[in-house]
Structures are given as C-alpha cells and as structure tokens.
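One letter stands for each residue in the lines below.
Protein chains: 4
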Amino acid sequence: MRRRKDVAVTATDPTPAVAEPTAEERAELDRLYADFEAAHMAPLWTQRAGLMPQHPEPAAVPMLWRWSTLYPLAARSGELVPVGRGGERRAIALANPGLPGRPYATPTLWAAIQYLGPREEAPSHRHTQTAFRFVVEGEGVWTNVEGDPVAMRRGDLLLTPGMHFHEHHNTTDHPMAWIDGLDIPLVSQLDAGFFEFGPDQLATRDQPASSRNERLWAHPGLRPIGAPRTPASPLMAYRWEHTDAALTAQLELEAEGHPGVVEPGHAAVRFTDPATARDALSTIRTEMHRLRPRTRTATTRVVGSAVWQVFDGAGVVTVGGERYEVATGDLFAVPSWAPLTFETDTGLDAFRFGDDPVYEALGLHRKDPA
Amino acid sequence: MRRRKDVAVTATDPTPAVAEPTAEERAELDRLYADFEAAHMAPLWTQRAGLMPQHPEPAAVPMLWRWSTLYPLAARSGELVPVGRGGERRAIALANPGLPGRPYATPTLWAAIQYLGPREEAPSHRHTQTAFRFVVEGEGVWTNVEGDPVAMRRGDLLLTPGMHFHEHHNTTDHPMAWIDGLDIPLVSQLDAGFFEFGPDQLATRDQPASSRNERLWAHPGLRPIGAPRTPASPLMAYRWEHTDAALTAQLELEAEGHPGVVEPGHAAVRFTDPATARDALSTIRTEMHRLRPRTRTATTRVVGSAVWQVFDGAGVVTVGGERYEVATGDLFAVPSWAPLTFETDTGLDAFRFGDDPVYEALGLHRKDPA
Amino acid sequence: MRRRKDVAVTATDPTPAVAEPTAEERAELDRLYADFEAAHMAPLWTQRAGLMPQHPEPAAVPMLWRWSTLYPLAARSGELVPVGRGGERRAIALANPGLPGRPYATPTLWAAIQYLGPREEAPSHRHTQTAFRFVVEGEGVWTNVEGDPVAMRRGDLLLTPGMHFHEHHNTTDHPMAWIDGLDIPLVSQLDAGFFEFGPDQLATRDQPASSRNERLWAHPGLRPIGAPRTPASPLMAYRWEHTDAALTAQLELEAEGHPGVVEPGHAAVRFTDPATARDALSTIRTEMHRLRPRTRTATTRVVGSAVWQVFDGAGVVTVGGERYEVATGDLFAVPSWAPLTFETDTGLDAFRFGDDPVYEALGLHRKDPA
Amino acid sequence: MRRRKDVAVTATDPTPAVAEPTAEERAELDRLYADFEAAHMAPLWTQRAGLMPQHPEPAAVPMLWRWSTLYPLAARSGELVPVGRGGERRAIALANPGLPGRPYATPTLWAAIQYLGPREEAPSHRHTQTAFRFVVEGEGVWTNVEGDPVAMRRGDLLLTPGMHFHEHHNTTDHPMAWIDGLDIPLVSQLDAGFFEFGPDQLATRDQPASSRNERLWAHPGLRPIGAPRTPASPLMAYRWEHTDAALTAQLELEAEGHPGVVEPGHAAVRFTDPATARDALSTIRTEMHRLRPRTRTATTRVVGSAVWQVFDGAGVVTVGGERYEVATGDLFAVPSWAPLTFETDTGLDAFRFGDDPVYEALGLHRKDPA
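Chains as they are written, first to last, in the UniProt record's numbering: chain F, 1 to 370; chain B, 1 to 370; chain Z, 1 to 370; chain V, 1 to 370.
The hints are simulated quantities; they were obtained by calculation from the structure and are not laboratory data. Computed from a predicted model, the values in this text were never measured in an experiment. Idealized CB from N, CA, C, for every residue including glycine. Be aware that a few hints might be false.
Where chain Z lies over chain V, by a calculated footprint (3+ residues, C-beta under 8 Å) [stated by the list, open to error]: (1) 302–315; (2) 325–331.
Have a look at the derived ranges for each label pair, beta carbon to beta carbon [as the list claims (entries may be wrong)]: (3) R278/B x T46/F: 54 to 60 Å; (4) G147/Z x E28/V: 36 to 42 Å; (5) G147/Z x A75/F: 52 to 58 Å; (6) R278/B x A59/Z: 40 to 46 Å; (7) E325/Z x D200/F: 56 to 62 Å; (8) P208/B x A59/Z: 32 to 38 Å; (9) P100/Z x R66/V: 34 to 40 Å; (10) E24/F x Q54/B: 53 to 59 Å; (11) G147/Z x T276/V: 36 to 42 Å.
Let the sequences and hints guide you as you build the complete structure.
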C-alpha cells in the first residue's frame, strides 16, 4: 500500500493535513479506525493538538458569583432543607459553567457557601479531602476539629486538614454563613478519597474564645516543644486580628520607604503551617491580599486555578478578558493561565485560595511574569 | 415555612432521605433547585455520597490489551498513516472503557504503542508532559533527547523529562515498536501543558552505543562533579543489562538466605534519578518486577493507578476481580484501590508504571496492607 | 623478629597489655616510636581508648557563674575599659575551667555578659559566627541589625545571624547588660570564620518599639509574600510577651487535662525561623523553659553541650553530679552527656541555648532517655 | 573613675590601643583582670582578633607524608606490634605539626595507614565515628561490615558508616596496607563518640568477590525495592573499575567537545549514597580526581580541610605556598582556606577526602572562586 505523505504544517499548531486519499485508502483507514475502537485504542495523530495544546486551554471559564445572590439562596435552603446525616452539610457549591454537570469552581477546587441556622448542628465526619472555612461575615458557630472547639468569626480562616473529624454547631439564635473550600475535584479525579462518618453526638459544646491548638501554636516563631506531632498543620485557626495587623504593617512599611509589599500598594500574606513553614494545607494555598486605595495591580497569570472572595471594599477585577465590578462577599474563579488584574479606588481586601501547592510539588508550576 | 426533618441514615452510606414533602414544599424545592442552577450553583446534600465516596470508586476499569492485537494494528497504521509534523508521532493509545471518549489508560496515565517504519523519523518537539519509552522487543531506533542520541533496545527504559526536546529516527530497514508512557491525562486535567515544535531537521544522526548522559551518570554511586545541573534526571537510559543483573542478584540473595526481595520469589527495582535518588520522573513511578517460577504474590492495593506490561514469561494476573492470562507484551491497567495479584508457573518479568509520586507529594498515598 | 602476642583484655575498655618485651624488643620499639615522631606519625593502638572513648568524656566540666558575681565585674569594666573599634564589644566570657586557656563556656559555645554604659555605642561589624542576645534585666539599648533597629528589653531574644552587620547603642542615661551567645568555639575549631568591620557611624539612631522585621514576620503562621528572601531567620526579635503567653498557655492546658507540656509541670518553647520552621539559628538551639512550683524534672542527658540562664524564680539544678542552688541571672554550663535535673519549690523560668542543631545535622544526635 | 578613651584603629585589624593608663589605672585594671580569672571569666576585647580573625587562620599547616616513608614504618610495626583487642587496629596516624600532641591530619580529619600481616585479623567493634578505607595498592583483605564481607582491592573505596560493626582479616600470606579516614577529631571535639567492642570471633570467613550490599545496590539508578532501610549509605564498596570508567568517560567527552569535566583536563567523581544521592558519608566527602597529562588546575580554596592521596601518576601540588613533588601513595593535608594548585606532565589520579558536608550542613561553606 502507498503511504500517504506530505503532511502540511501551519504556523501555530500544524494539523496533519494529508494528501487526499483515494477511495480505497479511505476505506482502509475507516477499517483501521474501527478496529482501533474495537480494540479500545485511539490514535494520537488525530487528537494531538487537543491533548497537548501549546499552552493551557482550560475548559473552566472565568466566572463571578455575587454574594447578594448566594446568600439569599442559602437562606432559602435554610428554610427548606434540613442539615443532617447523609447530606452532612447545607453547602451549595459554585458550579463553573465550563465544567457542566459538575459542582466544581475549577478543575481542582470546590467552593461553597455553607449555611447553619440558629442552634443547628452539622454532624461529625472525616475525609481525605482537605478543607477550610473562611468567614466573610457573622459569628457564633464553633467547629470542633478532632474535638478541639474552634470559634468562627469574621475574617478568620479555619482549617480542616485531611482525615480530621469535624462538626459544626451554631450556638446562637441567628443563622451564620461562610465559605467552604476543598480539593474535592482533585481528589475525585485522582480516585483518592476515603470518607467516614463520626459519632452522631457533638464531641463538645464548649465555646472557648481560643482553641487549644491556637493556645499552643499561635505565638510567632515559638514552637511548643511538648506539643503532640501532627501530620498536618497544628494551627487550625488564623484570626483576623493577626491577618489585619500583618497587612497594615506591610503598607505602613511601604509608606516609610521599606520593602515588604508584593508590588506598589499591594500587601499580602500566606497562611502557613508553623511546624513546617509550608502552606497551611497540603493541596490548597490560602492567602489574604490588601490593595491600597487607587491601586492597579500588574497583570499576572499562573498555571493552576484559584478562587477569590472579596472580603472588604470594592473594585474591578479583570479575569481572562472578563471585567467584573466586585464588592464584599463576591467570589470569582480564575482558570489556569488566565490573566488577572485588580483595580480599586476605595481599597480592597480579598481572600484567595488556589491549587498552587499541587503544581509546585509536581514540578508543573509556571507564572508570567516569571 | 416548616423545615422538613427526620433524615434517615443507612448503615453504609446514608442518603438524606427526607420526610415526604407536601406538594407545596415540593414546588418550593423545585423553584430553589432551579434558582441554584440559574445561579450556577449546586447543592452538596444531593451529591455528597458521589462526590466523597467512602473509598475510591474509580470510573476507570481493569482492562487488558494484548500485544498480539496491538502490534498488528500498529503495523497496519504504519502502512496507512504517515508520521510527521502535526500528528507528530505514530502512537496509538490504550483507551480505558471506563473513561469513554478519552484515550487514557487511567485517569492520570497515557499509554500507547508507538511504531516507526524503516528509516522513518518522528519530528522534534517538547512539552510539559513527562514521557518515557519502554522497549519490549526490537532495536534500531535512536531517540535524540536535547541533542543527545539514545539507542533504544529490548528491555531498556528511556526517559524524556518535561520540556526536553526529543525526536526519534529508525536507522534500520525494519520497523520498530515500543511503549510510550506519559502523564497527559494528569497535565490535561490540571490545565498545565505547554507544547513547542522543534526544528524540522534531526539534531544528529549519530548512533553511539551509549548516550553522553549515560557515559557521565551510569556509574553506581558516582556523581560526575563537573556535569551540568539539570532540573530532571540526568540519566535518560536504564539498560536491560543492569536491570536484569539487579533482579538476578535479588533472587540469588534470597536463595542464599539473605534479605533483598519484596516478598518470597518477587524481586523488583525502581528506576531513580541518580542526582536526587527520587523517582526517575517527577509524576510517574517506573519499576521492573521479576517473579520466580511458581510464585503467587500477596494481594495488594494502592491509591493511584498503574499500567503494567509483561516483559517476559507468562502468568495469571487478577485485577479487581478480573482474571487475565498474560504473556509477553500484554498490557493491563490497574485502577485506584483495585486488588492486584500475580501468579506464575514459568516465571514472569513485568514492567510497571504508576502515578505514585503524585500521591506521595500531595499526602494522598495509601496502601493495603499498610 | 618475634612478634609479641597475647594482648590482654579488660572488661570495660581493654588496653593492649602486651607480653613483657625483651630489652632488645624494647629498644626496637623505642626506635620505631621515635621514627614515627620524626615522620609526623602517631600510632593508634597506644591512644585508641582516649581518642575513641566508650561514651563522651568531655574535658569541659559542669560550672556555675552567679549573676551576683558577673554583673559587678561587668560594671567595673564599664568604668575602666572603653568600648570601641578593635575590641569591639565590652563582653566578658564565661571560661569553663575544663578548657583552660580558652574563653569558652563549652567546646562549641561562647557565652558572655555584655555591658554598655549610658549613651555608649558598640561599633558595627559582621562575622561568620552566629550570635544572639538574651536580656535578663534592663532596657534602653537598640541593636541595629543590617540597619533595622531592634529594641532590647527584659525577656527578649534578639538574633544576629552570620554575616549580618550589627551594632549596639544605649539610648539612656543608665547602663544595660545582657547575655551574648555565639558559636565562636565551633567556628574557630572549624577554621571557618570571616570578620569584617562596618562603618564607624551608627546606621540609624531610630528607636522604634518594633523592628521592621518583626512588623513583617511576627504574626503567627502568616508569611509576608512580598518580603525579601533571607538566608537566615528574618525574625530577629522574640518578645517576652509572646514567650510568656506561650508558656502560660501550656501550663493552663495541662491544668485542664490537655497535652502540650514537655513533662508534668514543665512547659517549654523553641525559638524558630518562621520562614523554615527550623531552629532560629543554624548552629545554636534556643529555648525558654518554665517549671511550675514544686516541680522536679526527669533526669536527662543529651550528646552536645548547653548553657542555661535562670530568667526568673529559683531552684536547684543538678548537672553531672554537681548541685547548684540557682536564682535569677545565674548561668551554668552542661557538658555533653552530663545528666541534668531541675527542682524548684517556687517555680522557675530558664533560658537554654545549646549546640543541638549541629549534632542533628551531622547525624550525631543522641539522648537518654531516647 | 575616668574612662580611658581613644582606641586606635589600624587598617587591617585594629587592636584596641588605649591611651597610656596612669599607674593607678593600671593597678585597677590588673585587679579587674585578676578578678575575672578568679571568677572564670575572660574579656573579649583583649582576644577578639584571635578569636574572630578576618579570615580563617588555621593552626594546622600544609603537610606532606610520603608513601615511601609511611609504608616501611607500617611494615616495621607489623613486625613489632601485634594487632588485637584493646589497640584494635595496627593503624598509624598522620599527625599535623600545626596540631602538636594530637594525631590529627587536620582539625576534623584523622588519616592513617593501616597494616595487616599475613592471616592477621583486626577484631570487631563499632563506634559513632564515620570511617572509610581507600586502597592504593594490594589486595587480599576482607572487611566484614555488619557481617557482610567486603573485598578490598586496589582503587576501591570501602565505607564503615557510624555504629556499623566491622572487622578485617587478611586471607593471604602477604601483608596488605591501606588508608583509613575517619572523623575522629570532629567527634572528639564535639564530645559525641560512643564505642563498643564486638565479638572476638570473626562473623564470617567468606570471601565473595562482591558484598551483598553491592549486589543489591551497585546498579546505576536502580533502587532495590525490597532492600532493608538503612540509616547510612547501603552501598559500602565503590569499585575501581567503575571509578576508572567514569573518569575515562569524562575526559573522552571533553575530547569530543562535550561538557562533563570540572575544568579543562580535570575529571572528578564524588562517591554518593545511592539511596539519598548525598555524600556517601555524613561527615566526610570522598572524591576521585583525574588530571590529563600536561594539566595545570586553577588555584582554589575552600573553607574546611582535606587530605589527598595520589593514587597514580605524579605531579606537583602547591598548598598554601608549599610546593610538593608527589607520586603514588603520597598524602598531603590542605588546611582551611589554603590555596591549592595541581600541575602534572604525566597525568595524575588523586583521591580526596574532606569535611565539606559539615560546613554545608551548618551554613559555613565558602569557596574561592565562588
């Protein structure tokens, strides 16, 4: 048989244009491809450009979810849907329109608003998936993590590392809502998840202002020598007072002419494990950013995806060509390699979580500018 | 509105069975769920068990591809389909029936048979995706990796770490086929891939018996002090003579009463980066196993998936309940957490590649028995 | 020549007792040993037990220096000896009697009382040697570390990592004294020291309550993303308020029945680098310990030496058989492998610095109980 | 009292020259210094320049020991002195004249010639100190390391990591001598040594060509999955055939125009632990260097000390201003920061061992050129 030659090449991504086959050749090729399919095989040459694009071409799209939409929907489900064993949590996920049929904010990250009515309880369970809560408003819920009661208050980041039993209970007569972030899509894609139900009764109803782990670990640079060893970060709560003070100091230092900010007018902290100095969670990076009034950030892009929530202030964010006016509580998704820019007249605080540790661990990290 | 209570719980994975709603409640719920959808939101409580199963429930299934099927199909495409720019490689992927529409052996691993006819060339490119070749039979092709010509011979493992330019050319008058392994599904899922075409002309037509990197690095325990630093393993070729000798020694030591084997009758080596002692590739583990005649391995399962190819001998492998009689060249996929057992009367050598380094890096590794 | 045989062996450490040589043999041996000496050689067999003892046999001895002796001597030198370029510092070292002729507290650690009179300045220099200051009483001196002014106050630990320019100045009309700790003996033994004089004028006379590095880094678990990278700990000041709070919390948790203390009644923190979570200094471990009233610690010993200073309270310490009644400001040296026990009726806070990181880095660490 | 001012400063290292004191001041100072001594204290200002020099000023000096001197002395001790329990080894150490009274080649390294007569045995012991043997000529001795018999042959490097029982026995009718290297001075200075006698009878008289550990581990880039975990390098023997081949390949690659050598005409390999890719021993770096005929190396200096032994060929080495003509077997010591240059007309192979890992682990490494 004559082998068909003369593959044409285009400038950007050549497709294997082949000399027009004869009818006989066409029939043989059809038979070959049918035999491939019957044998559970698939040729690379017809799919190469899609499988291995010249740069990331995410299916996930830039997307904005407004707090003014999310919160009322969560409140309505608070009226209609009980929280309890089986469903486990009254959490409503952000579903990226580019990933139809899946409740995923990005290909690796799950983000949801969780709502707990007055005196309600969400039962104990644990799972491989890494989780955190971030509180944009409200207070009064305690989350018990391995039996250690952790208060949830505005601006706090609360961790639930993988395989830590956790449960929530609202100690007040008003509802409370917050954001959950997890690596559910990543763990699902990797077929790596284990899940266990805990006891049906709360481990404790204590409501201390500080959890035991904070009392041991939330002292700057001080390691408690006798503290138990833990596989994940022993510090489960990062309080707003510390985060706020750190960001304030960076901008003050900038005003005094000293280094410390990420770029002019842009302060930021990363939440870390004090026992290892690495990211607070093994698969999710968590950060708080603060923009001074009248700041425009540089445009950057990174491999990997992220979700941001505006914590305070307002501004305009441009994600991969989409332009969003954002205010407190609004969330948006940034797909891999999508350019990102912030502008603010009044100043802006924003919480970010991303899958960066995954890429760094696997040697897949890249950013622009480098 | 009355909140519907009394969620029922089943023994294994309770589903949130709710007291039968009234028609009015049903209508309100329908409106809520419709509003969720309109807002690009999705409730957790209806999907929790599927999103977070009690143990891995992979979509990928155990699957066997026989060499006696693969090779003739590859040879037919050698007659019908040119290899050239655009398609880049005459590679035909193993497509797991559990992952329909995708040419993936498992959710993270791509495996293919690549076929190069007499005097053919596969053009230069590079990409983020990590790759290797393993040769079950034949010789005569050289792969040039960053301009360093690497001979491909039976039993050899040849690496192409991420972003290394590579090209292949058959220096003989007979065809050659081998197995390609890549992390295409993982990199695709992570939207992390970059791809670049290289020059259209071969970097070199040299056919040395040893590549330059082997001459520098393939000396046991010896680091060449003046060798250039590289981001990935500098040793690109692991020769069968060394692999065979290592496996032979393990079984001899076992016969002499000394430790060294994995389990009775089961020798194994892992291919590692001599500059770091870590896995030879950052996202793919590569190993060669040898079973003595009349050996039955313990049944094990690990989180993460793998593909095996029988290199020599014959036996029976049981994967997640499927039982395959296998012989030289046959490949099979092992999904996450699927139990795996080997039996052989005549002895068996088998090459394995898996995504284990991903799970270890992310703290998601688990095995049974632990 | 007849070879002399019959080496006798004793139970604990046999010495090579040799059959009585003849006069002729004796003469030949004498000639051999003289020829060794002439050739700059030395036999092992006559010195083996001394060179390689069965357990550490330090030349350094347990030793106590009382603050009531040290401080007046330092004050007298304040009257008699200027501080200035060349001598550089008015520091008086603790000289272990077991290491005659050397101003070393232990074989690896240098400890001194430094005294700065009203308005005095100690000029800028930098060196390979790692240093810290610990303040047992007083305040009013600022140490400028690479131009960053760091207040020194009671209970504070202040770092000067290797090759950081530093200078001190007393901003008050009263003198101030504190403890310096350095790895001078280690660096001297290793012939690894470099030293440079800095400018003769103070870099700054600013007297901020917090140094710039504290403002960036002294927030628990929060990494300032834009902060400059540093080879050593970026946090140069560990304030007593944090140390005290951490120790208080550990004892409160113990009283509540939760883990966190080192042993009953014994709380302790280690000062760490927040950017790496490792020891604050690369060659010196620094810790603060607190004993509850009526506490007796277990007796422990470690390979490596340490110096302790009582910060507050009183008690009895037993070091390698020596028993010292100690009070605020007293310092004592603990040689390698010497058993150490504390007893206190009234409670005791004590600062410890040791060479532990050296042993851990080199695989030489050992402790008892293990 | 008047404080004496006006400290003079010289260009290189100012000494605290003080205005001429009055007789009364002199008397007071004398009393102060006497009181310091009585209190076991020592002022820094009179010793600062000696304690903290501007660059390393080692007491150890460059020194050459000729094989033609060493070997006959070792042979004479073979006639006169038995080897046995207590003395343990017939080893004669190189004693640096700059370190009088101590049998140390440098402040951290012990080097000796060890001599074992026909059929002699050196008894089993183990110790914290790390050791190796390097064989410049001869064969016929086996060293049993933890019961694994390791043949010693010309050009081989044999390891005895810390706390591994080891014993030697000569299986032939001729004597054999080799070089021992240990970290005895370092461990002694650190008071970190433990020593234990082993059984009086040899663990084995087996004389295999390859040790069991080599059979498991001496395959390039291949990790035996089932091998026992070890705290130190599992590969105890580095054979000359591999070392020679690696050096040969580097010079051939250079001749072909490819990278790989340290500098023109200068090939070198470092002996590493295949399980970690780090130095083969935790405190001692070991390397083999080869200079092509008519090569002159660049002059370099490093912090830390080393001992070299010429393995083959001849040349001229310049160490810190001393110029030595060297030939096979000659050893020389290189103190810290001493400039080092090699010249050879005929070509030269030289083995080097140094304390570099200590400095790298402690952040004290520095070299020139950087």
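Against the structure, the hints come out as follows:
1. As drawn, the segment 302–315 of chain V meets chain Z at 3 residues by the rule of a beta-carbon pair under 8 Å; at three or more, the given contact holds.
2. Only residues whose beta carbon comes within less than 8 Å of a beta carbon in chain Z count, and the segment 325–331 of chain V has 0; fewer than three means the coverage is violated.
3. Between R278/B and T46/F the C-beta distance comes to about 36 Å, which lies outside the given range of 54 to 60 Å.
4. Look at G147/Z against E28/V: about 38 Å separates their beta carbons, and that is inside 36 to 42 Å.
5. The hinted window of 52 to 58 Å between G147/Z and A75/F holds, with their beta carbons roughly 54 Å apart.
6. A beta carbon spacing of about 43 Å between R278/B and A59/Z agrees with the range 40 to 46 Å that was offered as a hint.
7. Separation of E325/Z from D200/F is about 57 Å and conforms to the stated range, judged on CB atoms against 56 to 62 Å.
8. Checked against the hint of 32 to 38 Å, the pair P208/B and A59/Z fails, with Cβ atoms roughly 60 Å apart.
9. P100/Z and R66/V have their C-beta atoms about 36 Å apart, which keeps the hinted 34 to 40 Å range intact.
10. The given range of 53 to 59 Å is respected by E24/F and Q54/B, whose C-beta atoms sit roughly 55 Å from each other.
11. As the Cβ distance of G147/Z to T276/V is approximately 40 Å, the hint placing it in 36 to 42 Å holds.
Violation of the numbered hints given earlier is confined to hints 2, 3 and 8; the remaining hints are satisfied by the structure.
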